[in-house]
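Chains as they are written, first to last, in the numbering used here: chain A, 1 to 207; chain B, 1001 to 1641.
If you are wondering where the hints come from, they were derived from the structure by calculation, not from laboratory data. Computed from a predicted model, the values in this text were never measured in an experiment. Here a beta-carbon is modelled for each residue, glycine too, at the ideal position from N, C-alpha and C. Zero decoy hints are in this set.
A few chain B residues that face chain A, going by a derived Cβ cut-off under 7 Å, partial list only:
#1 1067
#2 1577
#3 1584
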Amino acid sequence: MLNRTRAALIALGLCAVSAFSPAMAADAAAVAASAPEASASAAPPAAAASAPDAAASAPTGSLDDRVQATKADVISLNRDLLVLEEELLFPANTQVAVFVSMDVGLLFDLDSVQIKLDDKAVSTYLYTPLEVQALHRGGVQRVYLGDLRAGSHEIVAFFTGKGPHDRDYKRATTIKFDKTTEPKYIELQIKDVQQKLQPEFDVKVWQ
Amino acid sequence: MRQRSRFFPGPSLVAAVFAGALAMAGARAADDPNKVPADPPLHPVLDPHYGDVLFEFYQGRYFPAITKLEVSQHFERMQHHADEAEILRGGLLLSYGLHQQAGEVFEALLARAAAPSVRDRAWYFLAKIRYQRGLMPEASQALARVEHALPAPLEDDRRLLQANVMMALGDNAGAAKILSPIATPRGDDLYARYNLGVALIRGGDSAHGTTILDDLGRQQMPDEESRALRDKANVALGFAALKAGHAQEARAYLQRVRLQGVQANAALLGFGWAADALKEPKLALVPWIELAGRDASDAAVLEAQLAVPYAYAELHADAQALQRYETAIANFENEDANIDATIAAIRQGKLVEGLMARNPGEEMGWFQTFRDLPLMPHARLLTPVIAGNEFQEAFKNYRDLQFLGHNLAEWHDNLGVFGDMLATRRQAFAERLPRIREQGQASGLDMAHLQQRSDDNAAALKKAEDDADGVAFADDRERELQQRLARVTGTLAGLPPDADPELAEAHDRLRRVAGALAWQLAHEFPARVWDAKKGQKQTEEALVDVRAHDEALAKAQREEPAHFEEFARRIADLDARLNVLMPRVAALSKEQQGALQEIAVVELMSQKERLAAYTAQARYAVAQLYDRATEPKEGDHAARP
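Please construct the entire structure, taking both the sequences and the accompanying hints into account.
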């Protein structure tokens, strides 16, 4: 009988010795210990113009090693592609980026933002609950990236959502700014003004 | 509940990385990455591009987060958050399983004079990487370099990690000492309490360890994850008691386990064996019959299908035992055929394709919970395989590769568009700029001509000013007056003095008018000089602007072709890299799919072997029962399978 019982226990892998193992599922899910060295050909986090030969030499090693090295190569390639895209489409001397941030934001439940640059609508963005959460937590959304020639310009932003007491709320804010040959970053800030129990919409020009 | 993070190491690790980062920046971070902090956070973002990375990160969009982060690092747009960005990058790389790259990030942070808080976190994450790679002494050394308490969410994790490393190194007493402060009785950190109990038992203090696990095993739990841990503690205690021969205690522990949890089957099996150990086969039948009717993909269920007839035989109910054994044999054979069908379907690729189709995911790097099994024969057999860590890791890699394959294909299209755009821009530039410059020169509006005119004007102005020549500033009306005066003067001069009695008066009037004009010109002279100088200055300033534009055009004409060439070269280089990586990703995907299928097949083959062993046991028991029936002997006992 005892033999039978023990056999059952062993079959299930639940005998006392193995049962008393630390509970930290993260460890169990850790990358296989069969990865002593990632491939040496994995591209280092170098400058964007880093050599294309990082991808040219196929990594060696276990399948997991090769997959991880390839992931690293693709991430590195994505960085270089995005750098190229930005330099080609939005060069620094004409670049303008518009950001949306939310400081607290309890008095305003954001639905959408519309942005007009020099009286031309350049962006209309509808927010998902997850995106609003991300803004609440301190994320700053780049809602528009474009080009402007040097000189004076005007930006108008319209915010719609629910204001205090769950009422529909629509506000606009505007600012005139000078575009030089440096990139221009403009942050549209949604703030709570506790004294007034009202949201406030502000514009900050970074450069 | 912080425990949740430990079941999803990828995201939770990154969340923990960032929780620490944000804490250092002065904001209050939530432990759960999906939870908005209850308290108003400070606004710590000093570089909007860093905030943009966080915006992606907080939505669990790790791939855009890491690529945006690296792009902004390239353009040096996150200088206020340089170290925090690096910590975040290391965590993101780690979540993708890029241990080497993540390790390099943290080591680089340590090599430069980073702030002590950053160094401490870097050492902690290096320790975590080493622990995950099984490098326990190295992990221990890294933990020893953490000099200060980490930010709140990380500090408890550091203790847990340190305890696990110590247990792995055999220092159970040391692990228990580390865990004791956070594993308070009825405290929130259930994993710390569980691990403390395990460390104490392993270290030889069974009584104390058992008390802690027993306390955990009795506690009311608020959620499924906590209840699963409570079940795990009770099953561990139950089987330990069973092994020690304390069957009654084992039943008490195992009785607390829920009937529908992950540990339920093991508990039912053990509960029956405990009853059997107490010579109560009738009691053992209750859990075993329940268990034998459950999904046969679990080894415990197969065991129960043998245990039930064994108990009947113990009770001398040989007919029922025989019937149950035969039913079990039929079930095992049926299950064996099912496994064969499943293996065939797996080898046709239906497992991986089915999982991808029924569990779509947009991001890479997540340990996704499978909601639905693939549509294939006897998919339930795959439940334990799919739940296994090895399969999950391999499937994560496969899904990541699929994601990267789509990503590269999109870039391949975009890069073609970039090439076309560059060609159009280059052609327009080559055609339009020279034409514009030629037109300017043809109209006499070239820089040299304009400059000459400006210089002439300046010289004339200076001469007029030096000569106090008010006439030089006369307007059109005054010039006309001057001309009329000159004509009148000439006419009067041609007349004899006595030609007309009013001639003297005409001379006098002419003198007065000429004097008035001269006075007017002299009076207006200062103001007109000032206006002329102002105009000249504006002209010269405008000329400076024109010259700057002209030089910019000339420079563009000179240099832009080189820029275009540079862009073209970069596009070609990137295209070459894309063309290397796309087939590599496709080949790896295929290889990874094969590996996934092999994991499943190996597991199913072991199930087949187990079934064969159980079938043999059942047949042997049946033979023994037939022997006993044909040659009955007084005092015989049931055949033991």
